[in-house]
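A.B. asks: Sequence:
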Amino acid sequence: MLWVDAAKAEALRKELETSRQGGYFPITDEEKKMHRRLNRKLDLWVLPFLASIYLFNGLDRSNLGNAQTDNFSTNLGLPSSAVNQATSLFFVTYIPFHPIIVGYGKKMGQVRFITVLCFIWGLLTLCHAFIKNDAQLIAIRLLMGAAECGFYPTAVSYLSYFYPRYDLAFRFSLFYSMFSVAGAFGGLIAFGVFQINGSLYGWQYLFIIEGAVPILLSFGAPFILAKEAKTAWYLTPEEREYAEKRMIIDSAANLGSATKLTKRDIYEACIDWRLWCTLVANICSTLAGQGLATFFPVVVKGLGFSGALANLMTVPPYIAGSIVLLLFAWSSDRHKERTFHVLGGLVLVIVGLTLTLVLPLENTGGRYAGLIVLLSGSFISSPLTAVWLAGNTPEPGKRVIIIAFNGWGNLSGVIGSELFQAKYGPDYRFPLRVTLALIVTSFVLYIIINCMLRYANRMRAKKIAAMTPEEIEEENRSDVRVGDKKYTFVYGL
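Position 216 (the sequence shown) corresponds to 216 in this note's numbering; numbering is contiguous.
The set of hints was computed from the structure by calculation and includes no laboratory data.
Quick caveat, the model's predicted, so the values are computed rather than measured.
Heads up, a few of these hints could be off.
Claimed, not checked - Below 25 Å or equal to it, Euclidean Cα-Cα: the simulated DMTMM-like pairs (lysine to aspartate or glutamate) are:
{"hint": "1", "residue 1": "463", "residue 2": "228"}
{"hint": "2", "residue 1": "336", "residue 2": "244"}
{"hint": "3", "residue 1": "463", "residue 2": "479"}
{"hint": "4", "residue 1": "227", "residue 2": "238"}
{"hint": "5", "residue 1": "33", "residue 2": "362"}
{"hint": "6", "residue 1": "227", "residue 2": "241"}
{"hint": "7", "residue 1": "32", "residue 2": "43"}
{"hint": "8", "residue 1": "107", "residue 2": "134"}
{"hint": "9", "residue 1": "41", "residue 2": "241"}
{"hint": "10", "residue 1": "227", "residue 2": "31"}
{"hint": "11", "residue 1": "33", "residue 2": "238"}
{"hint": "12", "residue 1": "263", "residue 2": "238"}
{"hint": "13", "residue 1": "486", "residue 2": "475"}
{"hint": "14", "residue 1": "245", "residue 2": "43"}
{"hint": "15", "residue 1": "486", "residue 2": "272"}
{"hint": "16", "residue 1": "230", "residue 2": "471"}
{"hint": "17", "residue 1": "230", "residue 2": "241"}
{"hint": "18", "residue 1": "263", "residue 2": "241"}
{"hint": "19", "residue 1": "423", "residue 2": "362"}
{"hint": "20", "residue 1": "462", "residue 2": "475"}
{"hint": "21", "residue 1": "41", "residue 2": "228"}
{"hint": "22", "residue 1": "485", "residue 2": "470"}
{"hint": "23", "residue 1": "41", "residue 2": "31"}
{"hint": "24", "residue 1": "336", "residue 2": "29"}
{"hint": "25", "residue 1": "485", "residue 2": "244"}
{"hint": "26", "residue 1": "33", "residue 2": "244"}
{"hint": "27", "residue 1": "245", "residue 2": "471"}
{"hint": "28", "residue 1": "462", "residue 2": "474"}
{"hint": "29", "residue 1": "32", "residue 2": "238"}
{"hint": "30", "residue 1": "245", "residue 2": "29"}
{"hint": "31", "residue 1": "33", "residue 2": "43"}
{"hint": "32", "residue 1": "132", "residue 2": "475"}
{"hint": "33", "residue 1": "485", "residue 2": "474"}
Sequences are here, hints too, so could you generate the full structure?
C.D. replies: Printed below as a string of structure tokens:
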């Protein structure tokens with residue numbers, strides 16, 4: 001039996017139905033035990049596997065920069081601007097295809113979709129080792145953009161179907177931290193691979209290794225990832241029942257619609273002001289992390305480190321970024337708050353950028369410390385913004401579209417590829433100044449978004465105060481207003 005005290009549990013459930021829904025919280029001792037046990041199983045099976053895939057997704061973003069430090073362009077006789085152009089063109093397909101690819105993946109089935117994407121981008125990464133000219137490089141990067149764009153929003157959506165909103169930020173940040181770990185891990189892999197003396201160039205071995213692993217991972221996806229909680233082979237029947245019930249309470253939505261994507265979902269997502277305001281803030285806030293990722297080894301090299309050592313010196317900033325992200329995400333879940341944690345991360349970025357800008361180029365240690373502080377805060381805003389949007393969008397169909405559109409935040413990668421050009425080296429002061437200006441802009445935008453959500457909650461609270469318990473229950477059950485439009489839905493702040 002799921003509930004130890006059925007009468008008490010039912011009374012508490014009734015109270016929830018006639019109150020404002022602000023997320024799921026276990027009530028009875030039995031629920032709390034079940035909640036922890038279920039999360040442990042998801043943490044053991046789902047989270048590590050998705051995180052491993054995202055690790056190699058991150059490696060595929062930064063390996064071109066690592067290859068560049070091993071004479072990639074020189075060996076192929078590429079023009080000096082070829083790598084920047086290929087990086088920019090990657091986002092030509094990566095960004096606009098987000099909602100299209102993700103929408104198709106929703107109909108195809110998320111597990112099958114993740115499997116196919118992982119196999120394709122692993123194969124394309126491997127193909128980098130055998131390109132002969134800049135046309136082939138550009139063609140492969142365009143195809144990679146289309147193949148990779150669907151994974152991140154699909155993974156966010158997938159996790160949001162299994163974890164309640166205030167259990168999600170830390171877990172998702174563990175997943176997202178693989179992007180910063182990829183920066184550190186990528187530097188270590190590159191440093192080791194470039195020491196190989198074989199018949200191929202070091203950068204060729206790099207692409208072969210980092211392409212083969214995603215292909216292998218793709219074969220494991222159908223066996224490890226369940227389509228939904230009630231079909232997860234690693235859960236008991238009791239755990240499956242509880243998993244479904246807690247998500248219904250958390251989202252105030254019928255999870256039976258999770259497999260459907262309707263025209264209404266797309267329309268509601270497109271007219272949602274939260275999406276577009278958050279998108280602009282996200283583009284500005286992620287420039288330091290996303291935009292700088294590919295060219296970070298080159299920027300570090302500009303401080304005076306050699307090619308191989310430049311890759312090795314990228315490791316500490318990315319490790320710092322991972323640790324700080326997890327601390328902020330844990331605190332965000334614990335305090336059930338998003339905005340000020342995002343702002344705290346942006347403060348670290350502003351401090352790091354300021355140090356890097358004001359210190360002279362000769363002060364290598366000081367400027368390197370500034371880069372560590374910069375990257376310590378640069379990975380916080382994107383994952384917390386994603387779970388913030390997911391938690392504030394209870395309808396599954398609309399949620400996946402909103403997260404897909406939010407993927408357009410990767411426009412920061414396009415901006416970064418155009419900003420961090422060799423002509424601005426070795427100090428890169430102009431790109432860093434532009435980055436600082438956009439980070440400050442995002443800081444202001446996040447404050448505005450918080451104020452607007454706070455105002456919406458206050459107006460709804462006034463309407464609820466004037467309603468009877470019967471009217472509140474009817475509001476919860478009625479389809480006149482759905483999802484976050486219901487007066488009983490509380491926006492997370």
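A.B. asks: For every hint, state whether the structure bears it out.
C.D. replies: Comparing the hints with the structure gives:
1. 463 <-> 228: violated, 36 Å
2. 336 <-> 244: Judged against 25 Å, a Cα distance of about 22 Å means the pair holds.
3. 463 <-> 479: The hint holds at about 18 Å.
4. 227 <-> 238: Holds. Residue 227 to residue 238 sits at ~18 Å (cutoff 25 Å).
5. 33 <-> 362: violated, 57 Å
6. 227 <-> 241: holds, 15 Å
7. 32 <-> 43: Holds, because 16 Å separates the two Cα atoms, which is no more than 25 Å.
8. 107 <-> 134: Distance ~36 Å between residue 107 and residue 134 Cα, so the pair is violated.
9. 41 <-> 241: Cα-Cα ~15 Å, so holds.
10. 227 <-> 31: With Cα atoms ~24 Å apart, residue 227 and residue 31 stay inside 25 Å; holds.
11. 33 <-> 238: Holds. Residue 33 to residue 238 sits at ~12 Å (cutoff 25 Å).
12. 263 <-> 238: violated, 35 Å
13. 486 <-> 475: Status holds; Cα separation ~7 Å.
14. 245 <-> 43: Holds, because 19 Å separates the two Cα atoms, which is no more than 25 Å.
15. 486 <-> 272: holds, 14 Å
16. 230 <-> 471: Outside the cut-off at roughly 32 Å; violated.
17. 230 <-> 241: At roughly 7 Å apart (the allowed maximum being 25 Å), residue 241 and residue 230 satisfy the hint.
18. 263 <-> 241: Outside the cut-off at roughly 30 Å; violated.
19. 423 <-> 362: holds, 19 Å
20. 462 <-> 475: OK: residue 462 and residue 475 at ~15 Å, within 25 Å.
21. 41 <-> 228: Within the cut-off at roughly 14 Å; holds.
22. 485 <-> 470: Holds. Residue 485 to residue 470 sits at ~19 Å (cutoff 25 Å).
23. 41 <-> 31: holds, 15 Å
24. 336 <-> 29: holds, 21 Å
25. 485 <-> 244: holds, 23 Å
26. 33 <-> 244: holds, 16 Å
27. 245 <-> 471: Measuring from Cα to Cα gives roughly 23 Å; hence the hint holds.
28. 462 <-> 474: holds, 17 Å
29. 32 <-> 238: holds, 14 Å
30. 245 <-> 29: holds, 16 Å
31. 33 <-> 43: Distance ~15 Å between residue 33 and residue 43 Cα, so the pair holds.
32. 132 <-> 475: violated, 63 Å
33. 485 <-> 474: Between residue 485 and residue 474 the Cα gap is close to 14 Å, so the pair holds against 25 Å.
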